[in-house]
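Chemist: So the chains spell out like this:
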Amino acid sequence: MSEAYFRVESGALGPEENFLSLDDILMSHEKLPVRTETAMPRLGAFFLERSGGAETDNAVPQGSKLELPLWLAKGLFDNKRRILSVELPKIYQEGWRTVFSADANVVDLHKMGPHFYGFGSQLLHFDSPENADISQSLLQTFIGRFRRIMDSSQNAYNEDTSVLVARLDEMERGLFQTGQKGLNDFQCWEKGQASQITASNLVQNYKKRKFTDLED
Amino acid sequence: MFCEKAMELVRELHRAPEGQLPAFNEDGLRQVLEEMKALYEQNQSDVNEAKSGGRSDLIPTIKFRHCSLLRNRRCTVAYLYDRLLRIRALRWEYGSVLPNALRFHMSAEEMEWFNNYKKSLATYMRSLGGDEGLDITQDMKPPKSLYIEFFLSGPMSKRLWRI
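Those protein sequence lines, which keep their order, are chains A and B. If you're matching positions, the first sequence starts at 1 in the UniProt record's numbering and goes up one per residue. If you're matching positions, the second sequence starts at 1 in the UniProt record's numbering and goes up one per residue.
The hints are simulated quantities; they were obtained by calculation from the structure and are not laboratory data. Everything numeric in this text was worked out from a predicted model, so none of it was measured. One should not assume that every hint holds.
What the hints assert, rightly or not - Dumping the calculated DSS-like pairs for lysine-lysine here, alpha-carbon to alpha-carbon at most 25 Å:
1) K74(A) / K63(B)
2) K51(B) / K63(B)
3) K74(A) / K5(B)
4) K5(B) / K31(A)
5) K51(B) / K80(A)
6) K31(A) / K90(A)
7) K80(A) / K63(B)
8) K5(B) / K51(B)
Said to hold, decoys possible - Stretches of chain B that chain A covers, calculated by requiring three or more beta carbons in the stretch to come under 8 Å of a beta carbon on chain A:
9) 9-22
10) 67-74
All C-beta atoms in this analysis are idealised placements derived from N, C-alpha and C, irrespective of residue type, glycine included.
Extracted from the complex, chain A is given alone in its bound form (with noise of 0.2 Å):
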């Protein structure tokens, strides 16, 4: 991992993304349910199955139940729903909340969509009435997957850990990936390879793919 190279860290945990990080971008592309509260001409084209028509200058009609990015979301939306109104996707809803705080551990967070925490943090942009139970919801879930994922991160050194990062969403993989390198500096230390010189990752990386191109 490159040393001197420090990314853009995503803000979705907090009240807004942040501009330039690759991540937030990432999150934002994820899709949610809402429902046009005016008709929209001339977009008919995106949404074929709902389009007007040439009638009704090719418009996507009021009313209509479509999943847009929760960028193109967030950018419509208004507290007084003048174009569109968002529902909330199952995962927020109150079955699946339900679920989480029977035993956060076994759901697939990634299946759930991604960016579980990040997504659902800004999902409270959109004023909803159940938006104190969602808070209460992500925090109960984190702090209850929190320990496992902390644990396996800290105990699994040279292994392959597809399997315990398989079911957790993306913040949960940074933390679990911070875990490890953690061990790694540690353990490193303790064989005493810490004051020797290696050559950084970085160079390394280039090094090896210069040799395929030599070969091709």
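Fit chain B to the known structure of chain A by using the hints.
Modeler: This is chain B only, laid out in the frame that chain A set:
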């Protein structure tokens, strides 16, 4: 949906393992800028129609395109910025002369940025540590041993000291 090409650029960078610099996607960038131009022109024309033709129902559509324009802008700026962060890391990890393979991955503007960064860093390093300057890209980790041996220059020279 708009902004698909812009997302491709972001994904391409996100996929590259930490710190590695993929080739500059000039073609992709050009396509994003073209989409932005088309969106802008469609909005210009719809705004005129909304104002003079009384088509206020076009406003949600105009907003839709405007959001897409902002999104494209965000993706391109984040793409270019993240690449600069990786290029900056190259100076610290690789040194001031980059191998050809890496140079081919950079656009002309990025190369220029790299050269300017190198110059700023060099100027700064020369301003430290007296006459000769101090190369701060060496020895970035603190020493592991308890004692350091060093020679003094000048009148006390030819003697080995330890602290």
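Chemist: Now tell me, hint by hint, if it's right for this structure.
Modeler: We went through each hint and held it up to the structure:
1. For the proposed pair K74(A) and K63(B), the alpha carbon gap of about 12 Å is at most 25 Å, so the pair holds.
2. Between K51(B) and K63(B) the alpha-carbon distance is near 15 Å, which keeps this suggested pair within the 25 Å criterion.
3. Distance hint between K74(A) and K5(B) is fulfilled; the C-alpha atoms sit about 20 Å from each other, no more than 25 Å.
4. Proposed proximity of K5(B) and K31(A) is supported: the alpha carbons are some 17 Å apart, at most 25 Å.
5. For the hint pairing K51(B) with K80(A), the CA-to-CA distance comes to about 23 Å; that is within 25 Å, so the pair holds.
6. Note on K31(A) and K90(A): the hinted pairing holds, with a Cα-Cα distance of about 12 Å set against a maximum of 25 Å.
7. For the proposed pair K80(A) and K63(B), the alpha carbon gap of about 15 Å is at most 25 Å, so the pair holds.
8. About 32 Å separates the Cα atoms of K5(B) and K51(B), which puts this hinted pair outside 25 Å; it is violated.
9. A count of 8 residues in the stretch 9-22 of chain B with a Cβ less than 8 Å from any Cβ of chain A is obtained; the coverage claim is therefore met, three being the minimum.
10. For the stretch 67-74 of chain B, the stated coverage by chain A is satisfied: 5 residues place a CB nearer than 8 Å to a CB of that chain, which reaches the threshold of 3.
Against the hints set out earlier in the document, a violation occurs for number 8 only.
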